[in-house]
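Participant: Please put together the full structure from these sequences, using the hints given.
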Amino acid sequence: MTEEKQDGDVSKLVLYVAGQTPKSLAAISNLERICKEHMDGKYAVEVIDLKKHPHLAREHSIVAIPTLVRQLPVPIRKIIGDLSDTHKVLISLNVTAGQ
Amino acid sequence: MTAGIGKSQTGISGFDELTLGGLPTGRPTLVCGGAGCGKTLFASTFLVHGARDLGEPGVFVTFEERPADIVNNVASLGFGLDDLIASNKIRIEHVAVDPSELAEIGDYDLEGLFIRLELAVQQVGAKRIVLDTIESLFSAFSNTAILRAEIRRLFDWLKERELTAVITGERGEGTFTRQGLEEYVSDCVLLLDHRVQDQISTRRLRIVKYRGTAHGTNEYPFLIDADGFSVLPVSALGLTHKVFEERISTGVADLDAMLAGGGFHRGSGILVSGVAGSGKSALAASFAGATCRKGESALYFSFEESGEQMVRNMRSVGIDLQPYLDNGTLRYVPARPTFYSLEMHLAIMMREITRWKAKLVVLDPISAFDASGQEAEIQAMLLRMVDFLKSRGVTGVFIHLTHAKSDETRTDVGLSSLMDAWILMLNREINGEFNRELYLLKARGIQHSNQVREFIMSSQGIELRKPYIGAGGALTGSARRAQEALSRREELLRAGEVARLEQQVRHRRRKLEAQIEVLRADMAADEVELKRLMDNETDYVKQAAVDDGAALEGRSGLADRKASS
Numbered sequence: 001m002t003e004e005k006q007d008g009d010v011s012k013l014v015l016y017v018a019g020q021t022p023k024s025l026a027a028i029s030n031l032e033r034i035c036k037e038h039m040d041g042k043y044a045v046e047v048i049d050l051k052k053h054p055h056l057a058r059e060h061s062i063v064a065i066p067t068l069v070r071q072l073p074v075p076i077r078k079i080i081g082d083l084s085d086t087h088k089v090l091i092s093l094n095v096t097a098g099q
Numbered sequence: 100m101t102a103g104i105g106k107s108q109t110g111i112s113g114f115d116e117l118t119l120g121g122l123p124t125g126r127p128t129l130v131c132g133g134a135g136c137g138k139t140l141f142a143s144t145f146l147v148h149g150a151r152d153l154g155e156p157g158v159f160v161t162f163e164e165r166p167a168d169i170v171n172n173v174a175s176l177g178f179g180l181d182d183l184i185a186s187n188k189i190r191i192e193h194v195a196v197d198p199s200e201l202a203e204i205g206d207y208d209l210e211g212l213f214i215r216l217e218l219a220v221q222q223v224g225a226k227r228i229v230l231d232t233i234e235s236l237f238s239a240f241s242n243t244a245i246l247r248a249e250i251r252r253l254f255d256w257l258k259e260r261e262l263t264a265v266i267t268g269e270r271g272e273g274t275f276t277r278q279g280l281e282e283y284v285s286d287c288v289l290l291l292d293h294r295v296q297d298q299i300s301t302r303r304l305r306i307v308k309y310r311g312t313a314h315g316t317n318e319y320p321f322l323i324d325a326d327g328f329s330v331l332p333v334s335a336l337g338l339t340h341k342v343f344e345e346r347i348s349t350g351v352a353d354l355d356a357m358l359a360g361g362g363f364h365r366g367s368g369i370l371v372s373g374v375a376g377s378g379k380s381a382l383a384a385s386f387a388g389a390t391c392r393k394g395e396s397a398l399y400f401s402f403e404e405s406g407e408q409m410v411r412n413m414r415s416v417g418i419d420l421q422p423y424l425d426n427g428t429l430r431y432v433p434a435r436p437t438f439y440s441l442e443m444h445l446a447i448m449m450r451e452i453t454r455w456k457a458k459l460v461v462l463d464p465i466s467a468f469d470a471s472g473q474e475a476e477i478q479a480m481l482l483r484m485v486d487f488l489k490s491r492g493v494t495g496v497f498i499h500l501t502h503a504k505s506d507e508t509r510t511d512v513g514l515s516s517l518m519d520a521w522i523l524m525l526n527r528e529i530n531g532e533f534n535r536e537l538y539l540l541k542a543r544g545i546q547h548s549n550q551v552r553e554f555i556m557s558s559q560g561i562e563l564r565k566p567y568i569g570a571g572g573a574l575t576g577s578a579r580r581a582q583e584a585l586s587r588r589e590e591l592l593r594a595g596e597v598a599r600l601e602q603q604v605r606h607r608r609r610k611l612e613a614q615i616e617v618l619r620a621d622m623a624a625d626e627v628e629l630k631r632l633m634d635n636e637t638d639y640v641k642q643a644a645v646d647d648g649a650a651l652e653g654r655s656g657l658a659d660r661k662a663s664s
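For the protein sequence lines, the chains are A and B, in the order given. Counting in the numbering used here, the first sequence runs from 1 upward without gaps. Counting in the numbering used here, the second sequence runs from 100 upward without gaps.
Please note that the accuracy of each hint is not assured.
Claimed, not checked - When the alpha-carbon atoms are kept at most 27 Å apart in a straight line, the in silico DSSO-like pairs for lysine-lysine are as follows: (1) A/Lys12 / A/Lys51; (2) B/Lys393 / A/Lys51; (3) B/Lys258 / A/Lys52; (4) A/Lys52 / A/Lys12; (5) B/Lys258 / B/Lys106; (6) A/Lys12 / A/Lys36.
In short, the hints are calculated from the structure, not lab data.
Facilitator: Right, here's the structure in full:
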């Protein structure tokens, strides 16, 4: 599930899910699609299943599922939800569509 | 404890009694109230008591304060939260959501929260959980439909795991909580309130609902002080007074003697009313001293004097309270009436009485509350106080200051009927001097003297002098002393007269006795004379006979015959 591209401008995205729920699966596929279509190679994406690593929920203070965290570049941004609206996701991540 | 639902003690004094055991075990309880009314303290007391005293570990889920703040906030109450955390009995889970760095896109749920709670509960093996306050989530997440569904799921989750939960909520307009959390909690809802009236604040607690158990529906004042959170159930009282035949001494022998049987009944309400400087406090101190002397606990609530002042002043009238203060039988609780509301005063007094198991309580003076001007409230408070004392068999001494010019018996319109005994202290001006007087206006169930006694305080103690009763009525003070002196003089005169008469009689007797002696002497002399005459007579007769015989002998022998015959 981990997809990494080595690039100088790489920013780190972490997607927190909990098990194979429809929302989680939707978020994963939406994120993969958005990254492929709009942010070609610029982001390293990590998916963490909190069911398997519950302590990470506390450490990273995650409340809602799914949560997408852009850890780099600062400031940290969090997006919660299944990422179904591509346009909004891109705005939140500060990426203009079609870039 | 009632059958049906189990209860978990909260460790909040008063509350567990009020609810007959505490909060419903394995169910959520909603504690709501305005800002600063003690919700978090209630919750942490509940949690700490469980973890420390009952072996029920707990999780504190905080949505607002940081864990370090919570530990510090309750540190002053001696909760030792950090130790409990270190020994893995309590876990603080800080759920912080910053809406500024959050965007919501599409469907989501709060599974992350559930995962964290699950983990925390497992780690300490929690039986109790506190959510303080879950409403913060509403400001973090904009999709309330999702949030409400998730909160409902959370409550189900809590019940499923049979966690005894306390959920706090901020009070909203027209609802118990801003977000209507009460609709999710159906078992137990508590309302905390913090009201300010006449610049005096009172905290109150009300059990809005408590399914499956009997509970009081009144508002109960509660207190947050050095001892933490305590609820003071002041109105949960019936008319089941204990009745005692036992008498207790007033500490004034003369006063005991005025009551047939010696002293008042234990558990009586005794009103001592009088004008300023009539010796009310001294009498009350004497009551307290007598109780302490028997080794029983006495409480002196003073609304005017400090403890040291009281001890010093009472020493001057021969009542030394210091030893009793030192050995703990006497406790002096000074408080200005304006420190708390009436309700709170009552509550604190009740708490102290319960804590120290006092047998005698002095309130000096209840008239100090008059300044607050809420006559009806004062009366209600005193009524409850009297009821409380009676139900516990505590003797109550209520001091009431009356104003010099007003009618002495006007005071305490409703109060006098509550009281079993009423001692009236007078300070009357007669002929340019004030004299203290004491009168037993009433003493239920005890025959008592109807006399107004003169009340004398000296370094030897309190003395009740019988008044001089004469043609001029009962006299006190210098009038009494003058009258007594007069009587003494009269007495003296009369005694002198008697002595004189006695002397006279004695003299006369002696004179008569002397006369008798003279007469007796005369008589004796007469008798001697008579005897002499009679002796002479006998001698004469004898001589005559002899002489006759000799004459006859000379004439014939007949004389021999006669002589021999």
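Participant: Which of the stated hints cannot be reconciled with the structure, identified by number in ascending sequence?
Facilitator: Violated: hint 2 alone.
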